[in-house]
Every structure is written in structure tokens, then in C-alpha cells.
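Number of protein chains: 2
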Amino acid sequence: MSSQRVTLRDVARRAGVHPGTASRALNPESRHLVKAETAERVRQAADDLQFHPDPAARSLKTRRSYTVGVLLPDLNNPLFPPIVRGIEDTLGRHGYVVLLGNTDNDEDQERRVVEGMRSRNIDGIIVATARQRHPLLDTVVAADLPVVLVNRILDDPSFPSASVDDQRGAELAVDHLVQLGHRRIAHIAGPQDVSTGVGRLRGFEEGLRRAGLDPDPDLIVVAETFTRNAGRTCMAALLQSGRSFTAVVAGNDLLALGCYLALEDAGLRCPDQVSVVGFNDMPFIDQLRPPLSSVRIPHYEVGTAAAELILDRISDHRAPVASRVLPAELVIRASTAPPVQL
Amino acid sequence: MSSQRVTLRDVARRAGVHPGTASRALNPESRHLVKAETAERVRQAADDLQFHPDPAARSLKTRRSYTVGVLLPDLNNPLFPPIVRGIEDTLGRHGYVVLLGNTDNDEDQERRVVEGMRSRNIDGIIVATARQRHPLLDTVVAADLPVVLVNRILDDPSFPSASVDDQRGAELAVDHLVQLGHRRIAHIAGPQDVSTGVGRLRGFEEGLRRAGLDPDPDLIVVAETFTRNAGRTCMAALLQSGRSFTAVVAGNDLLALGCYLALEDAGLRCPDQVSVVGFNDMPFIDQLRPPLSSVRIPHYEVGTAAAELILDRISDHRAPVASRVLPAELVIRASTAPPVQL
Numbered sequence: 144m145s146s147q148r149v150t151l152r153d154v155a156r157r158a159g160v161h162p163g164t165a166s167r168a169l170n171p172e173s174r175h176l177v178k179a180e181t182a183e184r185v186r187q188a189a190d191d192l193q194f195h196p197d198p199a200a201r202s203l204k205t206r207r208s209y210t211v212g213v214l215l216p217d218l219n220n221p222l223f224p225p226i227v228r229g230i231e232d233t234l235g236r237h238g239y240v241v242l243l244g245n246t247d248n249d250e251d252q253e254r255r256v257v258e259g260m261r262s263r264n265i266d267g268i269i270v271a272t273a274r275q276r277h278p279l280l281d282t283v284v285a286a287d288l289p290v291v292l293v294n295r296i297l298d299d300p301s302f303p304s305a306s307v308d309d310q311r312g313a314e315l316a317v318d319h320l321v322q323l324g325h326r327r328i329a330h331i332a333g334p335q336d337v338s339t340g341v342g343r344l345r346g347f348e349e350g351l352r353r354a355g356l357d358p359d360p361d362l363i364v365v366a367e368t369f370t371r372n373a374g375r376t377c378m379a380a381l382l383q384s385g386r387s388f389t390a391v392v393a394g395n396d397l398l399a400l401g402c403y404l405a406l407e408d409a410g411l412r413c414p415d416q417v418s419v420v421g422f423n424d425m426p427f428i429d430q431l432r433p434p435l436s437s438v439r440i441p442h443y444e445v446g447t448a449a450a451e452l453i454l455d456r457i458s459d460h461r462a463p464v465a466s467r468v469l470p471a472e473l474v475i476r477a478s479t480a481p482p483v484q485l
Numbered sequence: 144m145s146s147q148r149v150t151l152r153d154v155a156r157r158a159g160v161h162p163g164t165a166s167r168a169l170n171p172e173s174r175h176l177v178k179a180e181t182a183e184r185v186r187q188a189a190d191d192l193q194f195h196p197d198p199a200a201r202s203l204k205t206r207r208s209y210t211v212g213v214l215l216p217d218l219n220n221p222l223f224p225p226i227v228r229g230i231e232d233t234l235g236r237h238g239y240v241v242l243l244g245n246t247d248n249d250e251d252q253e254r255r256v257v258e259g260m261r262s263r264n265i266d267g268i269i270v271a272t273a274r275q276r277h278p279l280l281d282t283v284v285a286a287d288l289p290v291v292l293v294n295r296i297l298d299d300p301s302f303p304s305a306s307v308d309d310q311r312g313a314e315l316a317v318d319h320l321v322q323l324g325h326r327r328i329a330h331i332a333g334p335q336d337v338s339t340g341v342g343r344l345r346g347f348e349e350g351l352r353r354a355g356l357d358p359d360p361d362l363i364v365v366a367e368t369f370t371r372n373a374g375r376t377c378m379a380a381l382l383q384s385g386r387s388f389t390a391v392v393a394g395n396d397l398l399a400l401g402c403y404l405a406l407e408d409a410g411l412r413c414p415d416q417v418s419v420v421g422f423n424d425m426p427f428i429d430q431l432r433p434p435l436s437s438v439r440i441p442h443y444e445v446g447t448a449a450a451e452l453i454l455d456r457i458s459d460h461r462a463p464v465a466s467r468v469l470p471a472e473l474v475i476r477a478s479t480a481p482p483v484q485l
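So the sequence lines, in the order shown, correspond to chains S and V.
My numbering puts the first residue of the first sequence at 144, with every later residue one more than the last.
My numbering puts the first residue of the second sequence at 144, with every later residue one more than the last.
In short, the hints are calculated from the structure, not lab data.
Where a beta carbon is used, it is the ideal one built from N, C-alpha and C, also for glycine.
There's no promise every hint is true.
[Stated by the list, open to error] Only pairs whose alpha carbons sit at most 20 Å apart, straight line, appear in this in silico DMTMM-like list of lysine to aspartate or glutamate:
(1) S/178 x V/251
(2) S/178 x S/190
(3) V/178 x S/190
(4) V/178 x V/190
[Claimed, not checked] Interface residues of chain S toward chain V, partial, derived using beta-carbon atoms under 7 Å:
(5) 241
(6) 259
(7) 382
(8) 400
(9) 431
Pulled out of the complex, with its shape left as it was, chain S reads as follows (with noise of 0.2 Å):
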């Protein structure tokens, strides 16, 4: 505590190197420009002196916090952990570190992680939550930090993002169904006030259409939250309905793990009565009872490419907004089989 501040000078000469050189090998966004054994040497006479290089310093000279906030709904949802690494270890290797909050979807609650986020000077928000409606996103622009949505999109094309080809996505279950052999095909769709929620109902009725079938609207059921239990309630409904139905896609992993349920409470079973596509391929649903078909996701590949677009924002605030949406593709298991022969 009374021991003198150690300064780069002295971190540079016990490397033997230039001061300037000790500079760009302790910055991780200069690191790159110096020998990797030179950053090695100077970064162990940094330990070895026990040198922090001077935070409020370095944030003075670049006006920066190197800090970017990332705003979900819910980490519990297996969707997220995958984006978060894909984040971190994106923004980790440029210096960033990764200030996270969930939001559970509830106003005050996000508005309350925010402001905490933005009093720790956050150099950029991705956010993960964004809704058609969302007053959050304009108090952010108007206080000129920059936002990178990740994961769901808007129809207003001025926010970066990085997203999945939503509708593709369910086209491709729908396709996949239809070649099974299956005609009344039923669709629990997520929320209608995000873009993952519309964009794979809208890849629903379309993969239909393009099958020469139409969409029967009594067979398409609005979820309020992607949640298990709203799929479990949804497809509890539909069965209760009536309506007469083969296969089902679920607009989520977790809507579908709803959908088994509700089957098995009305003694049917998946596939051999009702065939069940998931979106998502979270982990592990392989092992399911039966394995999950789904439309996979590259999650880890949303996070990276949320990430450089953050930076991107960071760099220049002003530069042109860039969007990249990442393809789905569908995983075929032991949930969908042909429809019984009635």
C-alpha cells in the first residue's frame, strides 16, 4: 500500500524493451502488433512488478469503460448461455469485459439494469430482449450509446443485428413434415410482439402455401411467453379443440418440451401419433424422450457476430448499420415419423 506506483517505464525496462512497445503488448487491442514472445516477456515483467496499468488512465485516453452491457430475458433459457460465450469471448479478446442482466422481460426491471449499466459508463448495449415496441431502445439512441440486438430483430432497419433466418427456419420444418407425408400440420407459435415469434410464423404459413396447402388458422396457436408451460397450455387447447392435426411445429425447444408433455398427459404419443419439431437444438434435447427434431441455430455465431458488430458501433457511431442474419438448418430425430395411415 505505501510501496511506490510501478509505472510502464519500469515494467518496459525490466522486459527490455521500448516503453512504447511495453504499451501495445499490455493493450489487448494493440497486443497483436507485438512478437508473441515479446508480449510474453513484457506481460511477465508485468506480473512480476505487480503492475496494473491505471484504469481511469487508460478510459481518460480513450474515453472508454471497455465495458459492454448484454441485456437478456433470461439466462435460464439454454438458448442464451451459447450467445453469452460467443459474446464474451469476442469482446474478451479486443479488452472487453461483459457486464450481464437479465430482464425477465418486465419493464421496470430492465429500465432498472440499464441505468445501472449506463451509470458504469458501458461503452455499448447488446440487447437480446427487443420487442416491435420498445421504448427502451429509443431512450438508448437518444443517449447516442450504441445497440446491437442480437438474436431477435425490428422492423426498423436503423439497429445493427445479428439474427437467424427465422422464417427460412420454419419453412424448412414445414418441408420436412409435408415430406413425411403430413397435411394438417399444427403451428404453437411463440409471442407476436418479437421478431422470432413472427418471423417463424410467418415461415409456417409460407411453407405451407409453397406446399399447396393452406393455413388453417384454427390450428395455429399464439404462445405469451416461449416457456414450457405455455407450450404445455397451448397444446393442451389444441387437443381439446378438436381440430384434427398430424404434426405440430413449435415455435421454440421449450414450447415443444411443453408440447411432449401435453401429449403424454392425453395418452398420445410423439411421434407415433403426433410428430413434434422444435427451433433452437438446444443442448442436449438428442437425449430427449423421444430426441427432438429442431431447426438448429448457430448460437455461438449470433454471439461472435453480435459482438463485432458492437464493436464495429463503438469504434464509429456513426458508421452505416450493418445486419447479419445466420442460416438455419434442420436436425432430423426420432420426433417426426409419417403420419398414422387413418
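Guided by the hints, dock chain V onto chain S, whose structure is given.
Chain V alone, transformed into the frame defined by chain S:
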């Protein structure tokens, strides 16, 4: 941008309260001292005036960043999201935000992540990566940074920790299998440099002894990592060894998932030929094939306890070290059944 800075006094005037009351209402740590209705009126006034407390001023006054680092091996292990939620929800109520860092159990990466956190002046760090020998922890202690261990503990009692009674949990698993009639019980143990691996192995052996059975070293295989792949490899090795057994206690659920795969590879059925018990009761394992019996740990409450402990340490670095060990319970599903009669 050129508008005059809004002060706390302006907010107090608009809300019709004393500035001291407004200050308490806007500080998450003292909000509970103000009537809810008054606090809401102050918050509304602050919103209307777009008042943002100056974080530099607050930090200067309290010498705190109101930021806590959370160090994980890998967020993709389904054990961690609910723990992180427990931490974040609790810290959030006290005005703190969470900096998240994944280490992949790599020492270099861990050091980089912790350096990044420290240069943001975190007030404390919650560590889920603790190994028995862990140079990082010495560094953190030397820096007088408050630290709390979560999920894992050390033999060294000088670290506060929030964990689960791993030994008792494994004993419960063994008791259950013994009651079903199993006598030849194997254990796929977790890594032995971390307390979760050690405690569960100890509980496995103790459970056998209490049932009057001798632990057979040939029926204990130690996994290198807590992953599905490691579980598959260890179970395959055990099957190939030719030692007979009718049940296995897996060191965690991911190892149990690997056991399922190895049994399937070998053409064996669970629980008909081999019973399997997991550990952690991670989400959705009730829908696995077969639904996995598992030792349940109160994830969210473990996170909550860790957050409370770090808040105590931040308030008083020299407070007596407190630790909390939460109880485990067994959830019996369809992966365990009486052994086949020979």
C-alpha cells in the same frame, strides 16, 4: 447535451420531498428506508427530469464501483445459469451489477479475465472455479479483494463459500440404489482437484460402508472433466473392463448423460440392465430417455447465498469468515430400478 445538469435538488423539489429523502429513495442500498409510495414518486420525478446520479461522485463518496465479478468455468454447463440468476437478482437489489467471466478451466484465460475485472475496480469476486491448489486465489487475497467461493469449497477454511452438501448428496444416491437391491454399484467420479469431485466420491464410499458394503476400487473411474464426453468415455471403459455392476452413481448430470450414451453404444438399457443416478438435477432432465434420477441442489439459493456473503465481505473486509452449506435432496425418476435377478 448543452442542457444544464439536473441535480438531486431538482428531483427532490419536483417530488415534493427533502433532498435527503430523494437521495435515499434513489440509492438502491437505502431505498427500503423510504416509503414505497414516496420512493416511486421520487423515481418518477427523476425519470421526468432525466436525472442520472453521477457514478463518479457516488464512487468517490463510497469508494465502491458497485460491480462484482463472477468467475465460472463455462456458462454452458446448465448448472450455472440458475446460480448466476440467484447472484444477479440479489446483487441487483443492492444496486450492484455483475461482470461475467468464463475461464474454461484455463489458468491463462482465468488470469486475463480477473485482470480485466480488477482493472474495472470490482468490489469483490465470486469464484465458481476454485481448485484445491489455486494460485489465483492467493493473488486475490493478497490484493485484499473480497472473495466468495460458490459451488466449490477449499480445505482452507479462510474463504467464505456457498456450496451444497456434496457428500450427503452422494450418500442419498447410494442409499436409494441399495434400497432397490443393488450391491455392485459403480461411480463415475468428477475431477479430484475440485471439491465437488472429492466430496461426492467420499459420500459414495461412505454410503456403501454404511450399508455394510466395501467400496471396490475397480468400480470407481475418475473423469477428467465434468462433461458428457468424459462420462461416455469412463462408462465405456468400465463396461470394457468386464467388472460386473448393476448401477452407477455419476459425479454430475453431464457425466450421467455420457453414461446413457455409452450404455446405448453397448446395447444396454437403462434402467433395465444398469441404473443411473446423476447429480445437480439440471433443467429438463425429467424429459430425458429415461427421465434421470438425480441429486437436486438448490441452484438459485446457492447463488443467492453467495451474493449475500460477498455483500457482507464488501461491507467489512475483516468480518469473520462465514460459509453456507445448503442441503441436497434426491429426486427419483425412471433411470433407477431394482437390479435384474441373476
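Hint by hint, here is what the structure shows:
Among the hinted pairs, residue 178 of chain S with residue 251 of chain V is consistent with the structure: their alpha-carbon atoms are about 18 Å apart, no more than 20 Å. As the CA atoms of residue 178 of chain S and residue 190 of chain S are separated by approximately 18 Å, the hinted pair is consistent with the 20 Å bound. Taking the CA atoms of residue 178 of chain V and residue 190 of chain S, the gap is about 50 Å. The hint is violated against a cut of 20 Å. A hinted pair counts as satisfied when its Cα atoms are at most 20 Å apart, and residue 178 of chain V with residue 190 of chain V qualifies at roughly 18 Å.
Taking 7 Å as the C-beta contact cut-off toward chain V, the hint placing residue 241 of chain S at the interface holds, the least distance being around 5 Å. For residue 259 of chain S, the suggested interface contact is upheld, since its CB lies about 5 Å from the closest CB of chain V, less than 7 Å. Interface hint status for residue 382 of chain S: violated, as the beta-carbon distance to the closest one in chain V is roughly 18 Å, over 7 Å. This hint holds: residue 400 of chain S has a C-beta 6 Å from the nearest C-beta of chain V, less than the 7 Å allowed.
The beta carbon of residue 431 of chain S comes within 5 Å of a beta carbon in chain V, closer than 7 Å, and the hint placing it at the interface holds.
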